[in-house]
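Visitor: Listed below are the residues making up each chain.
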Amino acid sequence: MLLFVLVTGPAVARAQWLNYPTPGIPRLANGAPNLKAPAPRTTEGKPDFSGMWFANVPSRDFCKEKDCIQEERMAREQINLGIKLKDGLPYTEWSKEQMKTRRANGGREDPHAYCMPPNFPRAWTLPQHSRIVQTPGMMVVLHEFNAAYREVYLDGRPLPVNPNPTWNGYSTGHWEGDTLVIETNGIRDDMWLDIQGSPVTESARVTERLKRVNFGLMQIEIAVNDPKAYTKPWSVTIEMALIADTQMLEEICMDNEKDTRLYKK
Amino acid sequence: MRTRLSPLSAFVGLCLVLVPSAWAHHSQSEYDLRGKVEVEGAVTKVEWRSPHAWIYVDAINDKGGTVNWSFELPSPVTLMRRGWTRDSLKPGDRVKVTGAPAKNFPTIAIANFITDSSGKPLFTGTTQIHEPEPESKEPR
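Read top to bottom, the protein sequences are chains C and E.
Throughout, this note's numbering is defined as the position within the first sequence, counted from one, plus 750.
Throughout, this note's numbering is defined as the position within the second sequence, counted from one, plus 919.
The set of hints was computed from the structure by calculation and includes no laboratory data.
Any given hint might turn out to be false.
[What the hints assert, rightly or not] A few chain C residues facing chain E, derived, Cβ under 8 Å:
hint	residue
1	Phe812
2	Lys814
3	Gly856
4	Ile945
5	Leu999
6	Cys1003
7	Asp1005
8	Asn1006
[Stated by the list, open to error] Just a sample of chain E residues kept apart from chain C, beta carbon distances all over 12 Å, derived:
hint	residue
9	Glu959
10	Gly960
11	Val962
12	Ala972
13	Ile979
14	Val986
15	Val996
Think of the CB as a built atom: it goes at the ideal place given N, C-alpha and C, for glycine as much as any other residue.
So that you can see chain C by itself, here it is in the shape it has in the complex (with noise of 0.2 Å):
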């Protein structure tokens, strides 16, 4: 890391607010947020989830000699949420060929291609950060990728009845324990998990359970209950890492976007 900031240094230190210490963390004698005190906690004494996250995906340098510059970090499950799965996805029938056309055009129907907004729970293996605001009666998920928003209603009401399909669906939360479930019905019947294309549609039922492991820690468990795209239900977890001292930064999709360009020759 020395190295990287020597290689940048004058640019990293004039960023906006890049760098400047989140107030209220656990530190180190260093200075550095102790990623491993314990989760902290809501003044009702649950959980609380609030700040920026991003996969945990360890960050790696190339160097060449003395100068070391960080590689991207991107979460496989980008590619496939099901990555981790022995057998893959147990996709339908009607799922294999939907994947396969897809396939076929190089996913570029991937809404995401086209600027569309991050659907969870795709989003949360994206190449942005989240940010949680958790508040007694309700978590507010904010995501960089098109400056998008979701609800998590913690207030015990009950998921709508036959709702209008929306990208992120209609979401309520509950505590098990330690653990938040989110559960999330109403999302479209056209969404994409992933990059190559496993779907999600209007007839399933997500869960999310989530366990805050320590400060810098999230893991989220994924079950999807979805009839019309899988022979059975499913579940994947994923690692989320505490990003602090930073701050959100806007990416707005739809401002220069030049990919879709090269498909259509």
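With chain C fixed as given, assemble chain E onto it according to the hints.
Guide: Then chain E, alone, in the frame of chain C:
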């Protein structure tokens, strides 16, 4: 040397590519990820905008003519988190860029490695998602 990939293998076989490459918000099937271009020249323009920064580089081709190459980079947000600013590259800066060419456009590529004129690395893509993944499955 360029080797063509079928859309299927380019799409699913990304995990087998061991070279670093800049990652995008989509499948990258518009690029020949096993192909390689190397361009050395002067930056003519920098587009510091989402969802991807682009740099344009004038290079001399085999016939002595000037060709203006377009290179896709990650988003400015991603680059800023790795120490770049909008001023890190400016028109006139000399760079050497290695990348994967667009399949259908002869002077467009996605950058995976950039050095300055002294050879100091300025940018590299990722190898992390490209490592072999034995348990990875194609859809059944």
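Visitor: Hint by hint, note whether the structure agrees.
Guide: We went through each hint and held it up to the structure:
1. Phe812: holds, 4 Å
2. Lys814: Constraint on lysine 814 of chain C satisfied, holds at 5 Å.
3. Gly856: This hint holds: glycine 856 of chain C lies near chain E, its Cβ roughly 3 Å from the closest one there, short of 8 Å.
4. Ile945: At about 5 Å, which falls below the 8 Å cut-off, the nearest Cβ of chain E leaves the hint on isoleucine 945 of chain C intact, so it holds.
5. Leu999: holds, 4 Å
6. Cys1003: holds, 4 Å
7. Asp1005: holds, 5 Å
8. Asn1006: With a closest approach of 4 Å, the asparagine 1006 of chain C hint holds.
9. Glu959: It holds; glutamate 959 of chain E is separated from chain C by about 16 Å at its closest Cβ, greater than 12 Å.
10. Gly960: holds, 20 Å
11. Val962: holds, 16 Å
12. Ala972: violated, 9 Å
13. Ile979: holds, 25 Å
14. Val986: The assertion about valine 986 of chain E holds, with a minimum of 18 Å to chain C.
15. Val996: About 4 Å separates valine 996 of chain E from the closest Cβ of chain C, which leaves it inside 12 Å; violated.
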